[in-house]
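**Student:** Spelled out from the first residue to the last, the chains are:
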Amino acid sequence: MSDGASAVRPPAEWTGPPWRLWVRQIGILVRHELRRSLFTRRRFWVFLLAFVPLLLFGVPWVVHSRQPVDAAALENQTQIFAGIMQLYYVRLGLFFACMGVFTWLFRGEMVERTLHYPFLTPVRREVLVIGKFLAGAAIVISVFEISVLGSFFLLYGRFGKLGSAYVFDGPGLGQLGVYLLIIALGALGYGAVFLGLSLVFRNPIVPGALFLGWETITPVLPGWLQMLSVTFYLKHLYPVSVPSNSFLLGLFTVSTGPISSAVAVAGLLGFTVAVLAFSCYRIRRTEITYSVD
Amino acid sequence: MTPAADRVVFENVSKFYGEILGVNRVSFSLEPGITALVGPNGSGKTTLMNLMTGLIRPTHGRVTVRGLSPGDPQEFFRHVGYCTQFDSFPHGVTGYDFIYWPLRLAGFSGAEANRFSEEALDRVGLREAGMRRVAGYSKGMRQRVRLGQAIAHHPSVLVLDEPLNGLDPMARAESLALFQELGSQGLHLIISSHILEEVDRISDRVILISNGFIVAEGRIHEVRREVQDQPMQILVRCSNARGLAAEAFSLGDVVEAKLQKDGGGLLVRTTNAEKFYLLLNRAVTAGLVEIDTVAPADDDVNSLYQYLIGSDGNLT
Ligand SMILES: Nc1ncnc2c1ncn2[C@@H]1O[C@H](COP(=O)(O)OP(=O)(O)OP(=O)(O)O)[C@@H](O)[C@H]1O
Ligand SMILES: [Mg+2]
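Residue numbers (our numbering), protein chains in the order written: chain Y, 17 to 309; chain R, 37 to 352.
Derived by calculation from the structure, the hints in this document are not laboratory data.
The reader is advised that the hints may include incorrect statements.
Unchecked claim - Listed next, the stretches of chain Y that the computed footprint assigns to chain R, with coverage defined by at least 3 CB atoms under 8 Å from CB atoms of chain R:
| id | stretch |
| --- | --- |
| 1 | 38-46 |
| 2 | 294-304 |
Said to hold, decoys possible - In silico contact screen, one side only, chain R against chain Y (beta carbon under 8 Å); selected entries:
| id | residue |
| --- | --- |
| 3 | 110 |
| 4 | 125 |
| 5 | 127 |
| 6 | 143 |
| 7 | 173 |
| 8 | 201 |
Owing to the predicted nature of the structure, the values given are computational and were not obtained by experimental measurement.
For each residue, glycine too, the CB sits at the ideal point set by N, CA and C.
The task is simple: from the sequences and hints, build the whole structure.
**Tutor:** Here you go:
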């Protein structure tokens, strides 16, 4: 230990506008969170959840490569893809991936006893919430969108010229864009809810199950209650409606409704911001109560 | 400038963890300099420091540090550094990164943060080890890298929870020298320890804490005097407690001798414990009483003090 000659200086004042500091802090927090949690063993099953449909679409491509590749089959496959988007990607995969990732953002640091470090830096706790939230969103959205892209191209790739005509000259690319938007919005909505739940409940499994139940029953509830679910907003965005000819499918999938997409997007973003605001309120009241050993 | 602008102020602060008392009705106003916060395990030192830095919130009362509230971290932690007792680190972090990134978060440029990180590593004697992962550090090195992080941004208030824990005598002396140097520069240093002797030499004032209560506060020799004038409590479980009480009152120094409700014990308050122990010995040899247990009742300042400074009762 050298007794360095430097006398005390006042800590450097931040002279820029405060939002510049916040943006910079959020950038650092996001990078940190990605490094902390992207390629850990805990994240493995997020990848697994995301990439299951790739197998679904990849394997038939190999196995049934002799099947007809006519327009009727393509139409049929488009419907199947729409069903898998709604049923699997959004309702199951994205839901549970968000549960895993977002509940762990703060809870994980409590379990690892490192949450006091960010709490002891000159960062507003609201900024902390936003930084972690964006990091979680970046993880889930990128993993799932890669998978959706993969599935999409595996699906239509099988149809050769017919497929590329559907994608590039037909409605295909537009549908893909909407699906990617849905994944992103769904991740934000679910993510905000799970982040909020993790700041209220020590164990998020039970509230997570309740939330799943809520998301499932809201389609039959009065309108204003529906506005408190993520599904409500997403269902108005799906580009291809799935025929609800089986009871099970009817329960879990939704047909496109009357609200305009812009309203649905704005509604979901508003919902996300409101839930995040709640998280900010909670985190400001959060105390470090883990003990020393 | 209000008087509180350069002080660390607790106003009637209490903290309960549910039913459990952390600290109770704590009030003080600390000037710059070195303050030792001394008390046995579980007395509330960490609680007090966590309150001071906003890691926990008071159940009652108010905390301000140099006029700032921990509720505004963006301003607060530019001026305050806290080396906690938590011996956990972010996964895979190196000593350098551990210090560098909080500086970046504070708004320092890459070059400044780099300079401050290296300076801090230097000051805690980890220049060589800085690029290694903290996971491979010894206990003492981990303690020092946390100290390095706390001082890196040149805070004017430094809160250190048992910073000498796990250090070898050499590192201990170096740390104490560092604290002294920082104290002489006009910083606030609040240093906790469960051994008074360890920190009293460098401290400007002491706060003794026990069971969540501040039992004495002030300049080190004032505290000593205050404590030594306090009668000490001794609990004796024995037969013929009534007879012992009569004997005890024959000693001038015994302030009070209270029979316990079941008649099988006596609580004695005396300013001269030695004399009372002698009397007890004589009473036993004379067959006046049979003793079950003799123990200092631990809620009094003197026995706490004796515990803190060691058995010989000498302060320096
Ligand atoms: N998170 C918590 N939940 C419940 N009780 C707590 C918690 N933290 C501390 N306590 C209690 O508050 C009291 C004071 O604890 P604190 O950790 O402040 O003591 P300390 O003086 O720092 O002890 P040590 O020397 O062991 O570090 C103890 O009775 C302890 O059991
Ligand atoms: Mg402690």
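**Student:** All the hints need checking, so say for each whether the structure fits it.
**Tutor:** Status of the hints after comparison with the structure:
Coverage of the stretch 38-46 of chain Y by chain R holds [criterion: at least 3 residues with CB-CB distance below 8 Å; count 4]. With 4 residues having a Cβ less than 8 Å from any Cβ of chain R, the stretch 294-304 of chain Y passes the three-residue criterion, so the hint holds. Hint status for residue 110 of chain R relative to chain Y: holds, with the closest Cβ pair at about 5 Å, below 8 Å. The beta carbon of residue 125 of chain R is positioned within 8 Å of a beta carbon in chain Y (closest approach about 7 Å), and the interface hint is therefore held.
Because the closest C-beta pair between residue 127 of chain R and chain Y is about 6 Å apart, less than 8 Å, the hint holds. At its closest, the beta carbon of residue 143 of chain R sits 4 Å from a beta carbon of chain Y; the interface hint therefore holds under the 8 Å criterion. Taking 8 Å as the C-beta cut-off, the interface hint given for residue 173 of chain R is violated, the closest approach to chain Y being about 16 Å. At about 10 Å, the closest approach between the beta carbon of residue 201 of chain R and any beta carbon in chain Y exceeds 8 Å, and the interface hint on this residue is violated.
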